[in-house]
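A.B. asks: Sequence:
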Amino acid sequence: MNVVNMFDVSAVLPSDKETFERIAEGNGLVIERIVSSGQKTPEGEWYDQERDEWVVLLQGHATLSFQNGTELDVCAGDSLFIPAHQRHRVEHTSMEPPCIWIAVHARMKSC
Numbered sequence: 001m002n003v004v005n006m007f008d009v010s011a012v013l014p015s016d017k018e019t020f021e022r023i024a025e026g027n028g029l030v031i032e033r034i035v036s037s038g039q040k041t042p043e044g045e046w047y048d049q050e051r052d053e054w055v056v057l058l059q060g061h062a063t064l065s066f067q068n069g070t071e072l073d074v075c076a077g078d079s080l081f082i083p084a085h086q087r088h089r090v091e092h093t094s095m096e097p098p099c100i101w102i103a104v105h106a107r108m109k110s111c
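Going by my numbering, the first residue of the sequence shown is number 1, and it counts up by one from there.
Hints listed in this document are in silico derivations from the structure and should not be mistaken for laboratory results.
Some hints could be false.
Unchecked claim - The calculated label-pair distances, taken between Cβ atoms and stated as ranges, are: (1) 108 to 20: 29 to 35 Å; (2) 108 to 6: 18 to 24 Å; (3) 1 to 75: 28 to 34 Å; (4) 2 to 44: 36 to 42 Å; (5) 30 to 8: 19 to 25 Å; (6) 3 to 73: 19 to 25 Å; (7) 7 to 68: 32 to 38 Å.
Ideal Cβ positions, reconstructed from N, Cα and C, are used throughout, including at glycine.
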């Protein structure tokens with residue numbers, strides 16, 4: 001067994017890139033920790049994922065936008081279900097504190 005502290009970002013910060021760390025995977029499921037500190041999706045690019053994504057922001061604040069024109073401010077403790085192929089992008093992530101996300105990618109449905 002391996003104990004991982006989700007708030008310990010000392011190994012990945014400071015960095016000019018987002019860090020994606022796989023925590024677990026199998027049977028079409030991927031769980032990852034994402035650490036962002038000021039990064040955003042490059043202009044004109046959109047995430048268009050094959051699987052649904054459930055994400056929770058543990059720390060920091062961010063702004064997400066969707067191709068349908070919706071924009072969401074996300075704060076620590078907020079979670080969001082993003083269906084597969086719902087095009088979205090990250091417009092802003094806080095630097096202090098850095099954003100710490102947990103993302104679950106799988107074929108699922110929101111409740």
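A.B. asks: Taking the hints in turn, state whether each one holds.
C.D. replies: A quick look at each hint next to the structure:
1. 108 to 20: 29 to 35 Å: violated, 20 Å
2. 108 to 6: 18 to 24 Å: For residue 6 against residue 108, whose Cβ atoms are near 21 Å apart, the range 18 to 24 Å holds.
3. 1 to 75: 28 to 34 Å: holds, 32 Å
4. 2 to 44: 36 to 42 Å: The hinted range 36 to 42 Å holds for residue 2 and residue 44, with Cβ atoms some 39 Å apart.
5. 30 to 8: 19 to 25 Å: holds, 21 Å
6. 3 to 73: 19 to 25 Å: Given about 32 Å between the Cβ atoms, the range is violated.
7. 7 to 68: 32 to 38 Å: With a Cβ separation near 33 Å, residue 7 and residue 68 satisfy 32 to 38 Å, so the hint holds.
Hints 1 and 6 from the earlier list are contradicted by this structure; the remaining hints agree with it.
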